[in-house]
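Sequences are here, hints too, so could you generate the full structure?
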Amino acid sequence: MPATQPHSSSGLSHPLDQALNKGLVWQAAQQPCSSARVISSGYQQLNRELPQGGWQAGQVCEIYPHKYGCGDMHILLPVLATLSHQQQWIMMVAPPAIPYAPALTMAGIDTRRLLMVHPKDRKEALWCVEEGLRSGHCSAVLGWLPESDPNSIRRIQLACEANQNFCWLWPDSRYQNSTSAAPLRLQVNRISAELAGLRFIKRRGRWPGDAFSLSLNSATSTG
Amino acid sequence: MNAWLYLYFPDMYLHSLVHDSHSPVVVITQDQQRVIQVSTAAKQRGIRSDMPLASALFLCPEIICHTLNQEYAEQLLQQRALWAYRYSAQIFPDPAEGLWLEAGSMLKLFGGIEAFVDTLRNSCEQHRWPVKYGLGLTPVSARWQALAGVNTLSLNPEQQNHALQTLPLDELHLNDMQLLALQRLGIQRLGELLQLPLAETGRRICPQLMQQLQQLHGQQKPPSGLFTPPLKFSEKVIFSHDAEHRNGLFFPLARLLDSLCGYLHHHQLSVRWLALRLLHREPPETRWLFSFASHEYRYEELLQLCRYQLDKQSLRAPVTELQLSVTQFTSRQQEQASCLATDAPKAHSASLINRLQAKLSASQVSVLQSTGDPRPEASWQAQPADERLPDSLARTGDWPIWLLPEPIPYVSPAQIIHGPMRISSGWWDSQITRRDYYQVMHDEQLLWVFRDDQRRWFLHGYFS
Numbered sequence: 001m002p003a004t005q006p007h008s009s010s011g012l013s014h015p016l017d018q019a020l021n022k023g024l025v026w027q028a029a030q031q032p033c034s035s036a037r038v039i040s041s042g043y044q045q046l047n048r049e050l051p052q053g054g055w056q057a058g059q060v061c062e063i064y065p066h067k068y069g070c071g072d073m074h075i076l077l078p079v080l081a082t083l084s085h086q087q088q089w090i091m092m093v094a095p096p097a098i099p100y101a102p103a104l105t106m107a108g109i110d111t112r113r114l115l116m117v118h119p120k121d122r123k124e125a126l127w128c129v130e131e132g133l134r135s136g137h138c139s140a141v142l143g144w145l146p147e148s149d150p151n152s153i154r155r156i157q158l159a160c161e162a163n164q165n166f167c168w169l170w171p172d173s174r175y176q177n178s179t180s181a182a183p184l185r186l187q188v189n190r191i192s193a194e195l196a197g198l199r200f201i202k203r204r205g206r207w208p209g210d211a212f213s214l215s216l217n218s219a220t221s222t223g
Numbered sequence: 001m002n003a004w005l006y007l008y009f010p011d012m013y014l015h016s017l018v019h020d021s022h023s024p025v026v027v028i029t030q031d032q033q034r035v036i037q038v039s040t041a042a043k044q045r046g047i048r049s050d051m052p053l054a055s056a057l058f059l060c061p062e063i064i065c066h067t068l069n070q071e072y073a074e075q076l077l078q079q080r081a082l083w084a085y086r087y088s089a090q091i092f093p094d095p096a097e098g099l100w101l102e103a104g105s106m107l108k109l110f111g112g113i114e115a116f117v118d119t120l121r122n123s124c125e126q127h128r129w130p131v132k133y134g135l136g137l138t139p140v141s142a143r144w145q146a147l148a149g150v151n152t153l154s155l156n157p158e159q160q161n162h163a164l165q166t167l168p169l170d171e172l173h174l175n176d177m178q179l180l181a182l183q184r185l186g187i188q189r190l191g192e193l194l195q196l197p198l199a200e201t202g203r204r205i206c207p208q209l210m211q212q213l214q215q216l217h218g219q220q221k222p223p224s225g226l227f228t229p230p231l232k233f234s235e236k237v238i239f240s241h242d243a244e245h246r247n248g249l250f251f252p253l254a255r256l257l258d259s260l261c262g263y264l265h266h267h268q269l270s271v272r273w274l275a276l277r278l279l280h281r282e283p284p285e286t287r288w289l290f291s292f293a294s295h296e297y298r299y300e301e302l303l304q305l306c307r308y309q310l311d312k313q314s315l316r317a318p319v320t321e322l323q324l325s326v327t328q329f330t331s332r333q334q335e336q337a338s339c340l341a342t343d344a345p346k347a348h349s350a351s352l353i354n355r356l357q358a359k360l361s362a363s364q365v366s367v368l369q370s371t372g373d374p375r376p377e378a379s380w381q382a383q384p385a386d387e388r389l390p391d392s393l394a395r396t397g398d399w400p401i402w403l404l405p406e407p408i409p410y411v412s413p414a415q416i417i418h419g420p421m422r423i424s425s426g427w428w429d430s431q432i433t434r435r436d437y438y439q440v441m442h443d444e445q446l447l448w449v450f451r452d453d454q455r456r457w458f459l460h461g462y463f464s
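Keeping their order, the protein sequence lines are chains V and L. Just so we're aligned: the first sequence equals residues 1 to 223 in our numbering. Just so we're aligned: the second sequence equals residues 1 to 464 in our numbering.
For the record, the hints were derived by calculation from the structure and aren't laboratory data. Errors might be hidden in some of the hints.
[As the list claims (entries may be wrong)] Simulated DEER-style distance windows between Cβ atoms:
hint : chain 1 : residue 1 : chain 2 : residue 2 : range
1    : V       : Asp172    : L       : Glu321    : 39 to 49 Å
2    : V       : Gln18     : L       : Glu301    : 41 to 51 Å
3    : L       : Glu300    : V       : Arg154    : 21 to 31 Å
4    : V       : Ser215    : L       : Gln313    : 51 to 61 Å
[Said to hold, decoys possible] Heads up, simulated PhoX-like pairs for lysine-lysine below, C-alpha to C-alpha not over 25 Å straight-line:
hint : chain 1 : residue 1 : chain 2 : residue 2
5    : V       : Lys22     : V       : Lys202
6    : L       : Lys312    : V       : Lys120
7    : L       : Lys108    : L       : Lys132
8    : L       : Lys236    : L       : Lys312
9    : V       : Lys123    : L       : Lys132
10   : L       : Lys43     : L       : Lys132
Glycine included, every Cβ here is placed at the ideal spot set by N, Cα and C.
Given below as structure tokens:
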């Protein structure tokens, strides 16, 4: 990739080059050709909005629901159903309430693959998320992190990338406006009983994009 | 070469009890009716074994009685067997206070039968165990010679035969009925008995005796109940300088774990818990039990688990000695068999649960099980993560994803989207549930609320 070669021959390098060398500037040309596993989200409309046409392994997605219970879990049900039929755990770290087993079973999720972890504090929660990703025994880790900071998200993203599994995080809503290493950041609100409003505030490989509405009943089997 | 050594420990139970040689001590049966074993001092007062306890007390009112504890007697024999395991590979404990040792294969190692027997006798002397031994070509022959106290040290068949011919029958621990029958026939020595036809002996005296006579010469059937030494791992590290912080324990522990893993590899075993004993300058000592969610034998994994567990502990005082012991093991074959079961992922992912439970606690890690109960509170259960769960059944309906642990009181809803859905169940236990559930839209949230039979509203879940 010539754009990233250091221009040391000229002696003094341009500030832009310096920034490029440090990897501070994202360039569309550098987009890594993806050989990672992609699983359809189950919603055609959401697949169109996701950079690789579905959820991609090795990419942390931050989810910011506008309110508690506004459809943010619903959009993950098809992909979780697919993952739950693999012989690995889906780990839920510090879920905000009890995942209601009949609802999950109805969505086709094998609840025996769900591993609930209830950490005592933030430090333990971060450790659990990272350990789950690094262990190689989890197909996905879902984490509700009460307080988030860029470093811990970066660590989680590195673990996720190294092990090529799936990770969805629900960070503290105050964290929404700061920078993050997560490749995907998604805002969710509920428009009506069947309609959720989604907006990517960040997606690696594409512009953030506009808000769009998603019919929660339009899920198809992800296969 | 076939050779058997029988070690008979006369009055083993009595000798194991701590007493001085001047006091009359007897061991009595569990029903406290008869005397079984008699100390020398008691013998001098005229007490004999198999005497009723009442007679013994009449002869010597101050005797000290110990009731036979069968469990302890077995333990004693196991201890002796463990001792004998140093000298022979095949040990068969005899409940009648004796041990059979397979000697034939040991002769080369010890350099002859004399050296073998001498080694054993010396060791018994050091332990102050009275012992009688017998050497024979068959187990029965060895036992009878030991009981009669014939110390033949030759395996020559002729000499063996000669020794057997002259054995007095009343020394062979036969029962009263058998002895009486033999006395009536005027038979006193084994040689005389052996001249009679076997079938006749069996019919007239006792079938069991006939069986033993058959085994005396013929069949080489080893006695049943081969002794296997109990599995136990115990090693310790004594510190030259006291360890004052738990981090100081980690490296010695790693060494012990390394040794443990060698042991586990050698025996093809795995462990589920480790017991650590820490000695301090002042008692009491500290004991830690590190248990894991599943069996483990890999060094790296054990080391990591111990590191997590160690992080949770704090030291009461500086440590002078660290001991690691394991007494319960599982064979690895069993685990592999369970891997083949349909529920395979548990075995694969057990190490994750192991780590989580080591770092947090077992109660913080769980799996969900749906029970099929229509009542929301009873429809799910948190199970320990190492539990194998049955497949859950799907129940049709529109269910919320999040359920609140406790319903919260709620106001009468303004915008009902869907409902009511009636749940009326639980007549079989005290938790009768009669509720109408509604889906309610409120402030961009889709809620699951219900009205109970007293017309109160509660929030019970979120559609997310």
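Please verify whether lysine 22 of chain V and lysine 202 of chain V have alpha carbons no more than 25 Å apart. Holds. Lysine 22 of chain V to lysine 202 of chain V sits at ~21 Å (cutoff 25 Å).
25 Å limit on alpha-carbon distance, applied to hinted pair lysine 108 of chain L and lysine 132 of chain L: 23 Å, holds
Pair hint lysine 43 of chain L and lysine 132 of chain L, alpha-carbon separation not exceeding 25 Å: 20 Å, holds
Would you say the C-beta atoms of glutamine 18 of chain V and glutamate 301 of chain L sit inside 41 to 51 Å of each other? Holds, at about 45 Å.
Cβ separation of aspartate 172 of chain V and glutamate 321 of chain L, checked against the hinted range 39 to 49 Å: 48 Å Cβ-Cβ, so the 39 to 49 Å window holds.
Is the hinted range of 51 to 61 Å satisfied by the C-beta distance from serine 215 of chain V to glutamine 313 of chain L? 54 Å, holds
Against the 25 Å threshold, does the CA-CA distance of lysine 236 of chain L and lysine 312 of chain L hold or violate the hint? This hinted pair holds, its Cα atoms lying about 22 Å apart.
Restraint status (C-alpha distance of lysine 123 of chain V to lysine 132 of chain L at most 25 Å): Since the Cα atoms of lysine 123 of chain V and lysine 132 of chain L sit roughly 69 Å apart, the hinted pair is violated (cutoff 25 Å).
Does lysine 120 of chain V lie within 25 Å of lysine 312 of chain L when you go C-alpha to C-alpha? 13 Å, holds
Holds or violated: the 21 to 31 Å window for the beta-carbon distance between glutamate 300 of chain L and arginine 154 of chain V? 26 Å, holds
Violated hint: 9 only; the structure is consistent with all others.
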